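Keeping the supplied structure of chain A fixed, place chain B upon it in accordance with the hints.
There are 2 protein chains.
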Amino acid sequence: MVRAAIAGVGMVPFAKMREKSLADIGWPAVKAAIADAGIEPKALQACYCGTSLGGMMAGQRILGRMGLTGIPVTNIENACSSSSSALAQAVLAVRAGKYEAVLVVGAEKLTKFGGGTLPLEKEDWEVSQGLVMPALYAMRAKRYMHEYGLTELQLAKVSVKNRKNGALNPDAQYRQAVTVEDVLGSRMIAEPFTLLQCCPTGDGAAALVVTSEKLARKLRSDPVFVAASELTSGRFTAGFRDMTTPEITVRGAAEAYEEAGLGPEDIDVAEVHDAFSIAELIYYDAFGFSKKGEAGALIDSGATEIGGRVAVNPSGGLISKGHPIGATGAAQVVEITRQLRGECGPRQVPGAKVGLAHATGGGISGFDHGACAIHILTR
Amino acid sequence: MVRAAIAGVGMVPFAKMREKSLADIGWPAVKAAIADAGIEPKALQACYCGTSLGGMMAGQRILGRMGLTGIPVTNIENACSSSSSALAQAVLAVRAGKYEAVLVVGAEKLTKFGGGTLPLEKEDWEVSQGLVMPALYAMRAKRYMHEYGLTELQLAKVSVKNRKNGALNPDAQYRQAVTVEDVLGSRMIAEPFTLLQCCPTGDGAAALVVTSEKLARKLRSDPVFVAASELTSGRFTAGFRDMTTPEITVRGAAEAYEEAGLGPEDIDVAEVHDAFSIAELIYYDAFGFSKKGEAGALIDSGATEIGGRVAVNPSGGLISKGHPIGATGAAQVVEITRQLRGECGPRQVPGAKVGLAHATGGGISGFDHGACAIHILTR
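Residue numbers (the UniProt record's numbering), protein chains in the order written: chain A, 1 to 379; chain B, 1 to 379.
None of these hints come from the bench; they were simulated from the model.
Some hints could be false.
If chains are identical, the list can't say which one is meant, so a pair holds when it fits in one copy or spans any two.
Stated by the list, open to error - Straight-line alpha carbon distances no greater than 20 Å define the calculated SDA-like cross-link-like pairs of lysine to any residue that follow:
1. Lys98 - Glu258
2. Lys98 - Ala254
3. Lys291 - Asp268
4. Lys42 - Glu255
5. Lys98 - Arg251
6. Lys98 - Val2
7. Lys31 - Ile189
8. Lys42 - Arg251
9. Lys112 - Ser128
10. Lys20 - Ser128
11. Lys214 - Glu191
12. Lys353 - Gly263
Remember, predicted model here, so these are calculated numbers, not experimental data.
Only chain A is shown next, with the shape it has when bound in the complex:
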């Protein structure tokens, strides 16, 4: 099997870009990734484009802006893990020897398609009963607090950490550090979540050039390698009255660790799917950064800050960097790649050698219809 590498990365700063089209937003990210890889555009043999609400032929429209046409372009929808699912396909194709160089792009424009315009099917009974994402995660938070004594202060610390990190990231949608008082004092959205504990609505794009190890070593001296690429489907809860164990991520994490031959103790830096403050904490447990129920103690310890044992969401995460759905997975890999290359300046995780990216989505039409993509990267 060919070893797959990330030879180039690029993204546009996440922001609300109401006047731009999806292609306007997407192509500069592609251009940046191609430039970063130092690859000839015509050497790209295929493209996988992740978008959830970008409409028909999103990848073709983005590449069309750059005159990149002819190659196979496959658009992939997997909710919040759309572009990490696209990466999984690219990795599969490179490992198989089908292509030597593949472009992955994730793009989304939520300022246009978001805001309650999602089509609801008749089986969307959860949403019709009020179980929108903030409500679903709020119940998970309440349950975690009830079961394990998690406090509102510990929840708020997730936002404080991620906004602090995001303030150091020029690509982040929100670049202002906040205090625990700011977080707890912001508007209530769904108890216990205040506004600053929820990821924002925004637009953005991120792109990756995925190549064989051989080509990557020709292109640059510091490629990053894909040690694990796992996509799973499943449930966000483990079963009746256990809404604090995301079955889909727990299983995906075990598969990813096995594939990489690594464990939680090996991860130096991780970008995990912190759509809401509780989510990051639940994923501490799911990835084995903490024992089940001890995520509150882990955030208290500072171990997940930059400089701690395992830096989580140094980019600012979804809460601070933003969450344009289809762009998120690729943007996480942009950050992990830059961290492993040591390019992150003031938010650099010292000595980072192994990184993990985790994007998980679904729930609009059933919280048991989820997708989860996990990648482990090494330098």
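Leaving out everything else, chain B in the frame of chain A:
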């Protein structure tokens, strides 16, 4: 490289199913394909779901109805070639040895999402100027008539042939044969197309079980093999004032023939993308069934009827079987598989050994942003 096979196929009759959800429509096709393959559902290791307008997590919603969860599910959007692009990914994965058995499902519900509700981006200048699909194809038809002397009668014969075939297909949306007079006398849509020369709006689903040759031979005595699987992007026209040469399909056809080591003379049966009457004729030329400009003579000769040299659209094609966008590519492969197995009863193509399926899409936001998937199957 592992040889990929189609071990099972299934579909639901295409129809307007306003009261059903996408999952309601999709799961019976999956069930039928699994039963046809005689495979244990738990032996399926991954799923690729093609849908263009089906919304988030379409595949997960469909499989969720059957309790099929846990496996990687990847939703693929490539307009009219969504589920044939999904098949291309499944074939890639099986050939690479990543999976032994993969489910492909295509599903669409146009009665809900069609009807002018497609989101238009600001770069959709073609559509905003009136260049909707019927108008685009109408201009290609007019140009072909001008350049090569194609007649309205020859155009009408495509619909007569395909409706005759569809009348013999229990899965077709329209099962009434029509005469040339019926076709030419039906309501004008976009000159020269009358209503019966345009594919209808409808809903539907089709599914395929794609496996390694080894597993397919264990499951059944008559598997069908994938000799070529090509996905391309590109233009529907060859350049300035040449709108009768679909560059994307011409190039894809050459790639597919090369991959299979076969030529147009080897194809016994083909399902081609007859969204409008002219489309089938243009594709006769593109696939080399006729010399450039001679498609009218080919339809006159009867060579593309069942029993002719190369039977085209024995299922009834998009015009008669229907065209629920994301389901179309998989449904074409259902038909070719059944033809190669000799299961088609009154519409059986005698002695069919090599079949071709062709789905091409895009154009909603630029006719130069197309996708085209071509598969050649052999028994």
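Can you name, in rising order, the numbers of the hints this structure does not satisfy? Violated: hints 7, 11.
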